[in-house]
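Trainee: Be aware that the sequence shown starts at 6, since it is given in our numbering, and climbs by one per residue.
By construction, these hints were calculated from the structure, which means they are not laboratory data. We put the beta carbon where it would ideally sit given N, CA and C, even for glycine. Any given hint could turn out to be false.
[What the hints assert, rightly or not] Just the calculated beta-carbon pair ranges, DEER-fashion:
(1) 173 x 95: 20 to 28 Å
(2) 138 x 39: 27 to 35 Å
(3) 102 x 30: 20 to 28 Å
(4) 138 x 184: 44 to 52 Å
(5) 15 x 192: 45 to 53 Å
(6) 41 x 86: 44 to 52 Å
(7) 114 x 38: 24 to 32 Å
(8) 221 x 19: 22 to 30 Å
(9) 150 x 91: 29 to 37 Å
[As the list claims (entries may be wrong)] Simulated pairs of lysine-lysine, DSS-like, Cα-Cα distance not exceeding 30 Å:
(10) 238 x 172
(11) 128 x 95
(12) 24 x 38
(13) 143 x 36
(14) 7 x 20
(15) 40 x 7
(16) 128 x 83
(17) 116 x 63
(18) 63 x 95
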Amino acid sequence: MKIGLFSLPEITPGKQDIKDERLDQVDKITKSKKKVYIQVELSGEDSVLDADLVLVAKEARTDIILSDLEFVENRLAKVIDDPEKNLLIKFKNVLEKEEFISSIVLSEEEKKIISGYGLITIKPVVMAGKEELEDLDKLFFRVFQESGFMSFFTTGEKDTRAWLIKKGATAWEASGAIHSDIQKGFIRAEIISFNDFIQFGGESAAKQAGKLRLEQKDYIMQDCDLANFRFNK
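Kindly produce the complete structure, drawing on both the sequences and the hints.
Mentor: Right, dumping it as structure tokens:
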């Protein structure tokens with residue numbers, strides 16, 4: 006996941022761990038040799054259009070709206086095609102209300118029309134207050150929670166690890182986050198919910214309590230599921 010930074014010179018672009026206390030809780034029980042958080046990439050303003058999500062200083066909210074409004078108005082002055090013109094007018098109306106374009110639900114056809122657009126607020130936007138910059142771990146965890154992504158966990162003697170997936174991902178899709186060979190040979194997913202894992206004090210006790218579920222490819226992963234994927238090698 007790539008997070009674009011806008012008007013946040015206090016934050017240095019680069020790799021950033023998403024510190025998750027829930028992973029800490031799992032690791033405390035398992036006592037793995039290594040703990041691995043999800044890692045995201047932070048990019049500066051010059052790469053904000055390539056990001057999955059934009060983190061913006063609260064005081065710069067108007068700036069990103071005006072930037073998009075300028076793009077839309079310039080495009081409107083040149084466009085001839087009616088579907089594109091109608092969509093741009095829709096965008097203009099939203100931006101003039103000081104709202105983000107991401108508040109609009111777009112059809113597949115509309116998504117195709119704007120595929121090459123350089124718009125910021127069409128992406129998820131998270132606002133950061135000055136006080137939040139004093140605790141970046143907490144800020145980035147909130148950003149992650151609002152990103153449209155989530156995590157599932159794997160744990161064992163070797164490591165306790167968080168894996169990044171999109172909300173709504175299936176077990177089959179989640180298995181591919183670990184390795185394409187696991188996804189290719191997918192048989193089933195062994196799932197223990199995070200709450201059950203913590204409540205029963207680990208995998209063995211959760212299994213004994215009947216809290217391990219066997220799920221198929223189309224199972225929709227839940228946030229912080231503890232997963233083990235069986236696959237043909």
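Trainee: Against each hint, give a clear statement of whether it holds in the structure.
Mentor: Verification of the supplied hints:
Taking 20 to 28 Å as the suggested C-beta distance range, the pair residue 173 and residue 95 conforms, at roughly 26 Å. Evaluation of the 27 to 35 Å hint for residue 138 and residue 39 yields a pass: the beta carbon distance comes to about 30 Å. The hint said 20 to 28 Å for the Cβ distance between residue 102 and residue 30, and at roughly 42 Å that hint is violated. Between residue 138 and residue 184 the CB atoms are about 37 Å apart, so this pair departs from the stated range of 44 to 52 Å.
Take residue 15 and residue 192: their Cβ atoms lie about 48 Å apart, and the range 45 to 53 Å holds. Separated by about 48 Å at the C-beta atoms, residue 41 and residue 86 satisfy the suggested range of 44 to 52 Å. Checked against the hint of 24 to 32 Å, the C-beta distance between residue 114 and residue 38 comes to roughly 51 Å, which is inconsistent with it. At about 39 Å, the beta-carbon gap between residue 221 and residue 19 misses the expected band of 22 to 30 Å.
Remark: the range hint 29 to 37 Å for residue 150 to residue 91 is upheld by a beta-carbon distance near 35 Å. For the hint pairing residue 238 with residue 172, the CA-to-CA distance comes to about 28 Å; that is within 30 Å, so the pair holds. Distance restraint check for residue 128 and residue 95: the Cα-Cα separation of roughly 16 Å lies within the 30 Å cut-off, and the hinted pair is therefore satisfied. The suggested pairing of residue 24 with residue 38 holds, with an alpha-carbon distance near 17 Å, which does not exceed 30 Å.
Distance restraint check for residue 143 and residue 36: the Cα-Cα separation of roughly 24 Å lies within the 30 Å cut-off, and the hinted pair is therefore satisfied. Our distance criterion of 30 Å between C-alpha atoms is met by residue 7 and residue 20, whose separation comes to about 9 Å. Taking the CA atoms of residue 40 and residue 7, the gap is about 22 Å. The hint holds against a cut of 30 Å. Of the supplied pair hints, the one linking residue 128 and residue 83 holds, its CA atoms being roughly 24 Å apart against a limit of 30 Å.
About 28 Å separates the Cα atoms of residue 116 and residue 63, which keeps this hinted pair within 30 Å; it holds. Annotation: proposed proximity of residue 63 to residue 95 holds, straight-line Cα distance about 25 Å (limit 30 Å).
Hints 3, 4, 7, 8, counting from the list given before, are not met by this structure.
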